Amino acid sequence: MPSAAALRIQIESALEHRYPAALTPLERTIRETAPTCIPQVDALLNGGLPVGVISEITGPESSGRTSLALACLAGHTAGGRVCARVDACDAFDAESAAASGVRLRQLLWVRCRSALPTAKPSSCLDQALCATDLLLQAGGFAALVLGQDAFAQSSAAVVLECAPLAALAASQTVLDGYNYQVRSGRQRFTPSINGPRKPPASTWSATSAWEREKSA
Amino acid sequence: MKQELYACVHAAEFPAQALLRLRTELESEPVAILEGRPPLETVCSLNRLAHLKGAVHGMTRLEAEDIAGLRLLARSEESEDTARAAFLECAAHFSPRMEDASYGTACACLLDIAGTERLFGPPETLAERLRASLAAAGFRSSIAIGANFHTARLKAAATRGITVIPRKQEATALSKLPLAVLRLSEDHAETFAIWGIQTLGELAALPEVDLIARLGPQAAEWRSLALGSLPHTFQPIQAEFSLKEFCDFAPPIDQTESLLFVAARMIDCLIARAAARAFSLALLVIHMELEGGRVYRRVIRPALPTTDRKFLLKLLQLEIAAYPPQAAILLLRITADPGQSSKVQLGLFAPQTPEPSRLDVTIARLKAIAGEDRVGSPVLEDSHRPGSFHMESFAVAAPPTQDPPRMALRRFRPPLPVRVELRDLKPVAFRDNERRFKVSAAYGPWKTSGCWWSADGWTAEEWDVLAETATGSSVACLLVRNHRPSAHNRSVWQLEAFYD
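Chains A and B, in that order, are what the protein sequence lines are.
Going left to right, the first sequence walks through residues 1 to 216 as my numbering numbers them.
Going left to right, the second sequence walks through residues 217 to 716 as my numbering numbers them.
Same shape as in the complex, but just chain A (with noise of 0.2 Å):
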């Protein structure tokens, strides 16, 4: 009579053409993540982003791409680790990231800009790569946010696609907040799900700074 062990192997080669390695469970590697500090992102995450690969955050304009990065960094200075913010655009706001909780002391701000008067000229993103080789090379900081309009075709491990939904509506004299929509495009290290699937969604909302202070 064969052993259990033949008959796996019997069955698995005879359905290999269909299904390979069909009664040999995959292997899990449990990756280390980061919470994004914003419950229903990290519910989307299965904890937050991944550690020590590219996420990548797309979007239009108010669609909480910001914010969003903002939520991680205001996540990692609180706990006393040190960020650091490579700004290809020159777009960083320090004031609204004091104000979604950033310390300021523990972030490393790197504002590129095209061409220097001592140096070869260079484009802002030649640049902001550069800077951002050096500080993976240096090692030591929790996240490192890359601030580009747009990337051709990336390689991140994650990407999450932002969408805005609508503003809050609680004021009609200021404005309170906004709701936004954040779709989970890639994940890498997420085990696939044979067959056609819809993305999984979220939505999630963020209030202004003075409302904040008033709920404070």
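Worth flagging that the hints you see were computed from the coordinates, not collected in a lab.
All values derive from a computational prediction rather than experimental measurement.
Where is the CB? At the ideal position from N, CA and C, for every residue including glycine.
Check the hints yourself; a few may be wrong.
Derived coverage of chain A by chain B (criterion: at least 3 residues anywhere in the stretch with Cβ under 8 Å from a Cβ of chain B; other residues may be distant) [claimed, not checked]:
(1) 80 to 92
(2) 126 to 140
Beyond 10 Å from chain A on every Cβ pair, some chain B residues (computed) [said to hold, decoys possible]:
(3) R345
(4) T375
(5) P452
(6) P468
(7) A645
Partner residues aside, some chain A positions facing chain B, computed with beta carbon under 8 Å [said to hold, decoys possible]:
(8) I9
(9) E95
(10) A98
(11) Q106
(12) L107
(13) L108
(14) R111
(15) C112
For this one, chain A is given, so just place chain B on it according to the hints.
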């Protein structure tokens, strides 16, 4: 009774050594140092190769220029001062009691090394270590050790290498030295030459009384010197601890590689001197004088005091790459501030942060890419101006543990009406029904208003006031000046609260 023992360290041709110790590329070249006012310059110092080429002291510039391949440099007093300080400091590591015995173009010092055997070993070992230490700092020296101060001094000046003079053998050790080491006047030297006396041994053999009768009382001192028995009262000096290196470039250099080559040697020397006192380098000030009278000055401040040569040199290289000198360099001066060596206690659960020294280099590179003022931490300014912030240098700070306690208010409900004396629209004193307060400082006014469209609108000025009572006790309080539109713009002062 403690037996005396002295070590004399003698660096001959010091003007040449001072200029060449940082310019290792000139070691293999014959070099002569000129002093005096052009065109009447004469050779005052030279290295061994120049001596082999036929150069001698006192040669004029024209004569020196006739010697093929001889490099002529101008004497630099600042180089010599810096080198002398380094020389004495290096020697001072072996004994705290030191006397300067420099003369002419030689730099010499005598160390009282009695009782140092247990620390440095026998005198021969101490001499070898001392000579090696000086060689590492760029000095060629000769060392003589003896029980008599002057014997050690004369022997070190007249011989090369290391000489240890046994006790009571001083006269023998000096016997073959020429009379010139006594630095006699021309008349006396001629007299001795006529007598056929050429060495100290021959001088020592002369009868003392007859010698004094012919040449005077100073002859007794010369004879005692020759016998190695002249006593000396030690006059110790304190070697100054200053981390400074100087290099004079002649001709001026304009290549960064050449500059960094010399700067690396200077940083090496500074690190060695700081490390000998258990210090690190906390700050480097780079000062250059350029052609055309311009001055170049940069400050390199590592995040933590360090003795890492490569790291400091990299910072210097990046600084010079970011801010290159705009003309050829005439001289380079590097001064350093000592700092305590960094000791960082890392916590087991503390978050990982960038390594400070590596971060310094990374930030310097980022500044080279993006610009000096475009890398750092943003700091918001105390202003309502939109987008007001400034950049400060980034440093890994310890995470704040707890917010400090805040001042709290203890309010009066209802507020106490007070009478306020004003000067230049600022309160200088106020009184309530019971006490009078003299204002020592007033901060304000902080103007607020609201609900102006309704009956309960308000307009007020708030003043934070530090005041003193008649008894001398000080208080901090909040004074409010309420404007009442309904009362014909009359204002009322009230004591709202004490900071308690």
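Taking the numbered hints from earlier one at a time, note which ones the structure violates and give those numbers from smallest to largest. 8
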